[in-house]
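> Chain by chain, the residues:
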Amino acid sequence: MLRRVRRAHPPLALLAGGGLASVLVLVPITYIVVRATDRGWQTFADTVWRQRTLELLVRSVGLAVVVTTASVVIGVAAAWLVTSSDLPGRRFWRVALAMPLALPSYIAAWAWIGWRPDLVGFDGAAIVLTSISYPYVYLPVLGALGRADPALADVARSCGRGPWWVFVRVTLRQVRIAAVGGALLVMLYVLSEFAAVSIMRYESLTKVIYSSYRASFDRTPAAALGCVLVAATMVPLWFAVRFSGSGRVARVGAGSTRTAATVELRRLRWPITGCVAALLGFSLGVPAWNLVRWTGRGSSTTTWNDVAEATATTLGLAAAAAAAAVIIAIPIGLLSARYAGRCARAVTALAYAGHALPGIVVALSLVFFGIRYANAIYQRTPMLVGAYVVIFLSLAIGAIHGSIAQAPPILDEVARSSGRRQVTVWFSVTLRLAAPGIGTAAALVFIATSKELPATLLLRPIGTDTLATQLWSRTDAVNYAAAAPYACVLVLIACIPTALLTRASVTRS
Amino acid sequence: MLARRWPRVSAVAISLALVMGACGGDDSDGASSSTSIAPTTDLATEQGSLDGGELTLYSGRSESLVQGVIDAFEAETGVVVKVRYGSSAEIGASLLEEGERTPADVFYSQEVGAVGVLAKAGLLAPLPATIVERADERFRPPAENLWVGVTGRSRVIVYNPDLVPDPPASVLELTDPKWAGQVAIVPGNAGFQAFITAFRVTQGDEAAKQWLLDMQANGVRTDIESNGDVLEAVDNGELAIGLINHYYWGALAAELGAQNMTAQLVFPKGDDPGGLFNATAVGITTSGAENPAALALVEYLLSDAGQRYFVTETHEYPVIDGVADPIGYPAKAQLEGPALDLTDLDSLEATQALLTELGLLS
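Protein chains in written order, with our numbering: chain A, -19 to 489; chain B, 97 to 458.
Keep in mind that the hints were calculated from the coordinates and are not lab data. Be aware that a few hints might be false.
What the hints assert, rightly or not - Here are the simulated EDC-like pairs of lysine to aspartate or glutamate, each with C-alpha atoms no more than 16 Å apart in a straight line:
hint, chain 1, residue 1, chain 2, residue 2
1, B, K365, B, E432
2, B, K428, B, D367
3, B, K216, A, D198
4, B, K178, A, D198
What the hints assert, rightly or not - Here chain B is said to cover these stretches of chain A; the calculated rule only asks that three of the stretch's residues, wherever they fall, bring their Cβ under 8 Å from a Cβ of chain B:
hint, stretch
5, 130 to 137
6, 342 to 355
To be verified - Restraint ranges, calculated between C-beta atoms of paired labels, are given here:
hint, chain 1, residue 1, chain 2, residue 2, range
7, A, G443, B, R404, 32 to 42 Å
8, B, R404, A, A25, 52 to 62 Å
9, B, N332, A, I252, 49 to 59 Å
10, B, E334, A, E289, 29 to 39 Å
11, A, W284, B, G333, 31 to 41 Å
12, A, L152, B, E445, 25 to 35 Å
For every residue, glycine included, the Cβ atom is placed at its ideal position computed from N, Cα and C.
Just chain B, with the same shape it has in the complex (with noise of 0.2 Å):
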């Protein structure tokens, strides 16, 4: 009998010494460094002493947008880039479990949200000024230089020209009963709780609050999964209007013709927060800190060429001046959107208490 109860026992064993060992190892992870990183003077200079380096990227772009300008970089520096490539929020919460072991040198994410929950778990080291400084304003952070945004991005509203010969200028409108269950939105996606985000910031919880309520009211549809199916969905007329960002109809657009497209977009006016300008944003871990070739991936995102190469292949906005923007789409200096510090978008948890509160998410 002692003999056919030993596995159970030993199971048990096992299992604790994983509980215990996986509860020692969860203090280091939110143990804040002060590793930073040295300023580096000119790209240029350094490249004699990059060749032959290597460093490992951790993308929550998909591998198509990306790797050209990866390419691009290996070709310039002679430096090896490995890249692992996932959705954002995998590849976030995958940095989370590793913590300060992880293999990443340098975080490139679809927003800025995932990398400020990583600086605020004390995982990335701080950039030089520098270089942060290359961005406009409006695409850095205020303080500490733990990230920098890479590419700009527009919320948008798309339309069906067919069904909606007179299209609404504003998210504001679209609490119209005129607009009764023909408006999608996507509550999951990181993108509308920015712009949820920003309407609590810019024009107060309750107001923020108050038209979601009318949205629900008037019927406002959430089944749709993802920004891409409500694109294509208003495209073949199966839906009349959607909040979206810019950048999926030039993206669908390359694929099908943009003759072939039937969705038309609209870019609010003003300081309507269905306008934000948002922004992809790179960092560089804590364990990548002393890694060089980290450094100049991030120097070279935010180059002349690293930033053109994002202008024609994903159709996104330069954050640095001097790169024309993408064709086919208004002027940056035309953009508004409402006026705040991409990082008041952090408030991201009382927005999703929000969308909980209104069972808009779960």
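Same shape as in the complex, but just chain A (with noise of 0.2 Å):
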């Protein structure tokens, strides 16, 4: 017992990149609790204690709910489909499926109320922030399924079950640690999400955080409600961890390339075929119809040399924000798939509750903690990049934690009996086992970067100008035919990585 604790000793460079981590997650917690109660307790309990409070909690956690059951059943029916049937064109699906991530959530949202304006509220919010959001979920099932062992559902097809019976009790096991990650990804998002609820005109509680800055400059309130939230996401984060379940994941013996038997899908092949072509239609169909018409609507113009510049800032913050947090997430992965630390635990926790706050509290709490403590680099890149880091970092930590707890420990044992150093095990063994998980953070970091709006505006450089600051500026006056370019632009380079992470879940398998 004694030696097992003694081999846990986690090395102090480790500890010492998890503080950092830690510092991170903390500032727009702190933020909150020291803004909720900066008028005293009293003025906090009746903001949080109003039948209107909880009133905007249902209707937030509603939308989450509703968000994330539909995400989960298109995701990873989507993802089986592209794996393991017969559906025609299966190459072109999956690459193409996965697209809606590239799509900023007010773009998809303009686009719905361009196309359907009777579509707002509750049905307008779900089906926009659905359609941009079952990618969290369809990508790392198509991971699981390619690195599913296909040698049990053989098994059962030859005790005689039918492909439903070993779809539901045999390859939905096996996806289910990756389909719980992208559902909880998919209800953080959706709580913190503000800018679809507002388009789609749907009261939730992001949308009364934002009316309070909007009416009365007024911070305490905003904060009071962040606080709700933070809390209500502790709900989410448990039945997470309850049901990715626990023990071991990894296993050596999976390396056989075998190919899976395919399903066939028969007479249900063209209609099958016609939901997920309806499907990509009204993901990026809708949106993509909308910036045509944005471009023949009117009569503003940009120039192409402002397009070049705004896209080469956003590739260079995008990929700047996607290294650093990759760097800061590592040692957290480390902590907690080889040491089971609790604090590694608390700090995945706090970065994931951070991410359902929504981005002007997120920018807010830099703002303050930034111009306190970081005034030398306050509203300079390395700040607005370190901003990223913060609103992020659960994406990227949770795709590195997956893939770290994937690679067989006993690996990192050999190395070590052989004499190597723990840190030589971790770059030469460990982390190059991890390898698809970092990139699949790292991408997802940079289409989310490349996206966000909130923290750039308050925190980039002056005369620093990214696609989606631009576009704002741009849609903030209704000059819309102007606003297309970027909108185009900004879609495109986010395509690139979710190309290649569909690349990265297929050579996986």
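Hints in hand, dock the two standalone chains.
Pasting the structure below:
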């Protein structure tokens, strides 16, 4: 027993890395607690203990539950169809179905409200958010299906079980962890979402947080409602931990590249193809149609030079944020996968909780701490990149933790027993095995950063324009035609890592 | 075991340190400043010393509306202006978080409310009376000179003539059952809240509340997020009537072509609060009080050239005499609206409490 504990000593370098990550995730949480209580606990309690707060919470959670459920159903079904069935054109669908991840929610929402203004409210918000969030489930499930051992399904089939039984009893169990991880991201994202719910005119907790700033510059009730949001995230977090199960997920010996048997869809083949095409038509086609409509709609113009400049800036910032987030998430991934540290798990939980806060709250927390403790880099590029890390760290931690957990620890131990230092082992063995997860983390942060708006507006160096800020300033002034090129480029550059993500999940199989 | 517990202990210590630091930092936020700006003589005499100057502007108005006048100011004076654009709410909240450490020298706000909040928090320095007095009396603060209006904007009734051949002349008529379910308001919008504040200030809290209750009983629509969306809904026939600010019409007309506009405007007459004449406003922060370039920018915004820019580009009304009104709108002299000081609109919180009580705001 004693020996086990000693072996579980994390090296100091790792703890230092974990410490940095914990400071970062504490920034927004600390800020909302400080702000929410700065007029005393009575005001805080008055804001939180109102009928209205409960109503809003129910509305936010209701939307999150519906979108998450729909995303899980669509994501799992789509991933299964492109990996295990004889769906025509599977290679094309496999990449295309991930593409909606590249769409900023506001672009999708404007498109839908332009096409179907009658969909305002819950229905519209749920449709828009599902259409762009299901890839958070689809991509990890795609990867999990690729890695899953086909032997289990074969055995079940050879025992005379039908394809439906195999899907429910075997396949679903194999993708459970991936699906739950994706579902958690969707749920937290929907809780924090502001742009789409506001355009679709659905009253949610985040919409009220924004109006609190907008109407009165009053930061206290906004922060108090932020605390409610963070508290609300504890429920799905607990469920996610419960349902992804514990125990070893890594195994050695699944290296065989035997391909799984293809399930024949028979007479459902074409109807199902129609459904997949419709899904893509709704999630990608509607926004594309709207961008074309914008271009033809107005007289305002923009110069290609401005678009090119904003593109270069966006690419640079997104790449820097992706690299920084990965570097900071790796120690947390190692700590929680290899040392089962409670502290690392707490940092992970806080990072997820922070992900449920609306962007404006996180941005103000960074203004608050940045000007006081990081004045030298305040409103400079390093600070902006740091802000992106704070906002999107949970995306990186999720992907990296999973892949490190799947890299068999026995290989570490073998390498260590041959006399290598622990840090060398991580670089030469563990992180190489976890490379697909690290790539996924980088791509997710890259895509999210390129679309980010509220923190970028407040923290960017003056004169730095990203595609998202340019798009915002054009649409704010109703110059739709001038906004369209920025929106197109924004979607296109997010498509590249999205395509790489599908490739990564396929080559892993 | 001890080693494993260490990170947890350190995380707690760090968060405690952050909290304490934050609380310490807060004390300075509320402190008002006694710094004041030395009055300058004339823009022309200042130019020599301004060349090579630099200032940071936080703008709650968007780049496409403001950058042109900044470019002209830079060309005229040689001052380099660094502008941070955002919405008034986000920029205002950000300024409050930054407190006296703010890098901003000047804050240009979409409405008087935001500069009022900053003035109350002690974050604005007094402006020289000579500059403030250039603006018409209705666009300047009655005391202290912590801000000055830059452009004027009127509340209007927008209607679709295809749906409404006989438009209402006053917001007070909109409670008539014949408009049931046909009118949209935007309760979260600052312009709408200023209108309700004006209603309360000039006709009393009870009258304002009664009007809102009657509107609600008449099925007023509150589901449209912004003035721009209301205008578009009216223009394409989804909605009959809306309450917005006048210049949205000019902006959409510039984008779509004035001949393609269906929506038309009514400027309510007399002391109808629905015709409130409000302003965008500028102030100099306490940290910009010593920067002569900051004062020069405020001076430029109130100069003939600065005012003419806004009239042609943003379709707003000038705040000084001798500059022509925007084309296509009634003359400024004909605009009436409720008689009040714009600072009387600072009882915004009472308005929001009323809107919250009626379930129009959260």
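> Which constraints among the numbered hints does this structure fail? Numbers only, ascending.
The structure conflicts with hints 4, 5, 7, 9 and 12, although it agrees with all the remaining ones.
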